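J.: Please arrange chains B and C on chain A, whose structure you already have, making use of the hints.
Residue numbers (our numbering), protein chains in the order written: chain A, 164 to 541; chain B, 280 to 623; chain C, 1391 to 1519.
Hints listed in this document are in silico derivations from the structure and should not be mistaken for laboratory results.
Just so you know, not all the hints are guaranteed correct.
Below, simulated BS3-like cross-link-like pairs (lysine-lysine); rule was C-alpha separation at most 25 Å, straight line [what the hints assert, rightly or not]:
| id | chain 1 | residue 1 | chain 2 | residue 2 |
| --- | --- | --- | --- | --- |
| 1 | A | K317 | C | K1442 |
| 2 | C | K1442 | B | K602 |
| 3 | A | K518 | A | K469 |
| 4 | A | K353 | C | K1488 |
| 5 | B | K297 | C | K1442 |
| 6 | B | K616 | C | K1499 |
| 7 | A | K416 | C | K1426 |
| 8 | B | K310 | B | K616 |
| 9 | C | K1499 | B | K602 |
| 10 | B | K473 | B | K307 |
| 11 | A | K190 | A | K228 |
| 12 | C | K1442 | A | K315 |
| 13 | C | K1435 | C | K1401 |
| 14 | B | K594 | C | K1494 |
| 15 | C | K1516 | B | K297 |
| 16 | C | K1516 | B | K594 |
| 17 | C | K1488 | A | K317 |
| 18 | A | K315 | C | K1488 |
| 19 | A | K428 | A | K469 |
Keep in mind the model is a prediction, meaning the values are calculated, not measured.
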Amino acid sequence: MSIYVSGTGLTKVAEHWSDSLIDLAVKSAKQAISESNTSPDVVIIGNMLSSTSNQENLGGLISEKLGLNDISTFKIESSSCSGAMAINVAYNLLQSNNVNSILVVGVEKMTDLSPSQIIRANTFGESSEYIQYFGITMNSLYALFSKLYMDKYKISKEELSHFPVLSHKNSVSCEHAQFRKEVSIESISKASIVSSPLGLLDCSPIGDGSASVILSKDNKSNFDNIEILASSSSNSPVNFFEREDLLKFSSTKNSFTKALSNSKKQLSDIDILEIHDVVPAITARILETFGFSKNGEAVQDLISGKYALNSKPSISTFGGLKARGNPLSATGIYQIIETTWRLQNRSELNINNSKIGLCHNMSGIDSNSVVTILEAVN
Amino acid sequence: MKSSTSVSISGYGGYVPKLRLPTSEVAKLWKGGGSGPNKAKSVANIDEDTTTMSVEAARDAILMAGDCNIGAVFVGTESKPYAVKPTSTIVAQALGINRTLAADFEFACKAGTEAMQVITGLIGSSMIDSGLALGVDTAQGRPGDSLEYTAGSAAAAFVLSKRSENSIATIEASTSYVTDTGDFWRRQGESFPKHLSRFTGDPGYFHHVESSVNILLKEINAQPEDFKYAVFHQPNPKFPVEVARRLGFTRDQIDTGLLNPEIGNPYSASSPLGLVAILDVAMPGDKILLASFGSGAGSDAFSLIVDDNIVEKRKNSIPLREKLNDNVEINYGTYAKIRGILDR
Amino acid sequence: MSISYWRNKDKYYRIIGSICNDCSYESFPEFYTCSKCGSSNIEDKIMPNTGKIISYTISYESMPGFEAEIPMPIGLIQLTNGVNIIAHIVDSNIETIKVNASVKSVFRKINIDGKSGQIFYGYKFKVII
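Bound-form chain A, shown alone (with noise of 0.2 Å):
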């Protein structure tokens, strides 16, 4: 039985000031829905922050905006990889013979919020008790593992800088991207310092956004087919500092190998990369644990070259989670998008004859991870 991406839909993100939560919502689903053909059987929204809008039963009320009754709709929230968490739950639920297709919406509205509160909803994935109660911010806590891993592999801030660089050269043609402009390594090692070593330009912005997809049994849309190969998942322990080696990721480790393995596709078959690159040391050990590059080398791999918009496997092809943005529960369905669009060949975007995309999306610092592997099929 095959799987596919037959309707996209998103806004740019951006600051919204004039849509709310349900608006976006409603918006890129809208666009999903007529692309695909098709009226979906279950809704699925992914989304963590909806409670600073005072609002639950998201389900409830985007479905009812879009004209969809009698189907059966609810949240799924798994902090900031619960778009692609809603992605994977919506693959495992079309392997039963009872749903046809499903329309998974992934929004966040960030921007409603005072900035301190901003930063306080961004460690809501967190321990309340132990990390919120005393103030340490999720950039904090990406600053930490930062240090360790620049410590133990000796990598200065300026060499990890090159990640953001290319995110923001691959952003300049993404029409939905946040931001648009190239950066350079000066900017970077200039711009005001968030956490220490971690500057502003080191780290994943805040902005709103939507983004949908119809995943359906069949492909309705006017669009090549793109097939779900594999979708896991794979937990571990929350507080990084907890687990035995602090830089070893093995939510993504895990996700990884069983999508890898279900999707009967090697290591060197993929194509692109959409990961969760929300700061470049967090980056740089994704692309480690998955084996791109040996421990401590993906920097020097990435300033050799490797990664890049021309070469395979390319990663954050549109800018990923630095320039095109991270609308925390959105990020995810923009990643299924981007991939999906590239493999697509939408307006010529495909690039090298790429096949196949693997998007990975994570929570906090590796604490839940979903792996998703999509290829253009015929």
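T.: The following block gives chains B and C in isolation, referenced to the frame of chain A:
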């Protein structure tokens, strides 16, 4: 007053916040230059208060006291973080003690020594084995007022127990002398105290300290020269020196416990902290006079005799004077930020 | 926050975690089953109050209530029993905050609920020379 069973200090601890505001910073702002009567004052940081300093001092005192069954936790302060909710229960919880008396005492700068008196009675009557007395304050001075130079922050903690071979210094006797004298006060809801300037001197400080000490000396039939050390409440560097002179004590006797020049006046911790500094260097057999003063007004006077085991008991603790050397000077702006933010 | 704080006060005040009575593995925060051997034979254990810094960062942004503490040094600390903990580092000159520096726990205010709400206390650490 003498308790029927001998009561001793079995552990002590002093805590002074790291930050110092040089009085020259205060003088620069309000007088255009110069300095105050003391060199600097200690300032509690944004994340410190009476409770946090109490816990730090108490932990040191209990560590020194060793295994003891604490039945009273009394915090003497006039800067309670809560007007209604005891600081002492937070301190007790932080020390893992629940089966205990707990209360906050208030008597301006003598609340700490008041706590010592009451605990002495509780131990002396065998109602409890040991008790923890704290004198602690984050004193606030109204901006531009003379008190702004001296109002400082610190905590002093004493574990008192029945006298044993574990004792550090035994309370030979104590007195308390009070009158209704409103030399310095703070009304409910007000942020800063008010005072009657020079009236706080003779009718306030001097009358009460001289009275309690003279009553004590008469009771135990002692003379000033019998004491190796004397420590008086220190609202400024001058008063303790003057009252010592009037009572017949020498500069040598009071120097060890004189902390105001360095840290200002941490109110309820003032004379108790002076006692801590003395206990850091006193030797077996030394006699110590302690006299506090609390506005409103009253004075507690104690005669203590140092026990044989003091050197062994204090060997693992860092002397207060050494701790005082680890400090960081701040400017008035930082001081204002710390004080202002406390209102958030 | 108040009631959740009350529930956790011993953990915040005295850093009480867990020990597995079967394999001696210790943990902070507490666990319900041993993350090493899976046993449920667990009891409370007070964590050591000293350790060393294994990573640190200085934060220039803050959550509500922490604005006045910027720049905020945060440390990842390995306690002497091997348990790792994340906490603020206070009262320490910036040059002394480095990997392998020895630290000791202190009792401080963590946050306050405005002018009339509750005061929240807990552990932070400071560098000891």
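J.: Determine for every hint whether it applies to the structure shown.
T.: Do the hints match the structure? See the list:
For the hint pairing A:K317 with C:K1442, the CA-to-CA distance comes to about 21 Å; that is within 25 Å, so the pair holds. Distance restraint check for C:K1442 and B:K602: the Cα-Cα separation of roughly 21 Å lies within the 25 Å cut-off, and the hinted pair is therefore satisfied. Of the pairs offered as hints, the one joining A:K518 and A:K469 holds, with about 18 Å between alpha carbons and a cut-off of 25 Å not exceeded. Our distance criterion of 25 Å between C-alpha atoms is met by A:K353 and C:K1488, whose separation comes to about 23 Å.
With a C-alpha separation of about 21 Å, the suggested pair B:K297 and C:K1442 falls inside the 25 Å cut-off, and the hint holds. Among the hinted pairs, B:K616 with C:K1499 is consistent with the structure: their alpha-carbon atoms are about 16 Å apart, no more than 25 Å. Between A:K416 and C:K1426 the CA atoms are separated by roughly 20 Å; this keeps the pair inside 25 Å, and the hint holds. A distance of roughly 21 Å separates the Cα atoms of B:K310 and B:K616; the hinted pair therefore holds under the 25 Å criterion.
Distance restraint check for C:K1499 and B:K602: the Cα-Cα separation of roughly 21 Å lies within the 25 Å cut-off, and the hinted pair is therefore satisfied. Straight-line distance between C-alpha atoms of B:K473 and B:K307 comes to about 23 Å, which keeps the hinted pair within the 25 Å bound. A threshold of 25 Å between alpha carbons decides the hint, and for A:K190 with A:K228 the separation of about 10 Å falls inside it, so the pair holds. For a cut-off of 25 Å, the pair hint linking C:K1442 to A:K315 stands: about 17 Å separates their Cα positions.
A C-alpha spacing of about 10 Å is found between C:K1435 and C:K1401, which places the hinted pair at or below 25 Å, so the restraint holds. In summary, the hint linking B:K594 to C:K1494 is supported, as the alpha carbons are separated by about 19 Å, within the 25 Å threshold. Distance check on the hinted pair: C:K1516 and B:K297 sit about 11 Å apart at the alpha-carbon level, within 25 Å; holds. Straight-line distance between C-alpha atoms of C:K1516 and B:K594 comes to about 23 Å, which keeps the hinted pair within the 25 Å bound.
Taking the CA atoms of C:K1488 and A:K317, the gap is near 16 Å; set against the 25 Å cutoff, the hint holds. A distance of roughly 15 Å separates the Cα atoms of A:K315 and C:K1488; the hinted pair therefore holds under the 25 Å criterion. For the given pair, A:K428 sits about 21 Å from A:K469 by alpha-carbon distance, which is consistent with the 25 Å threshold.
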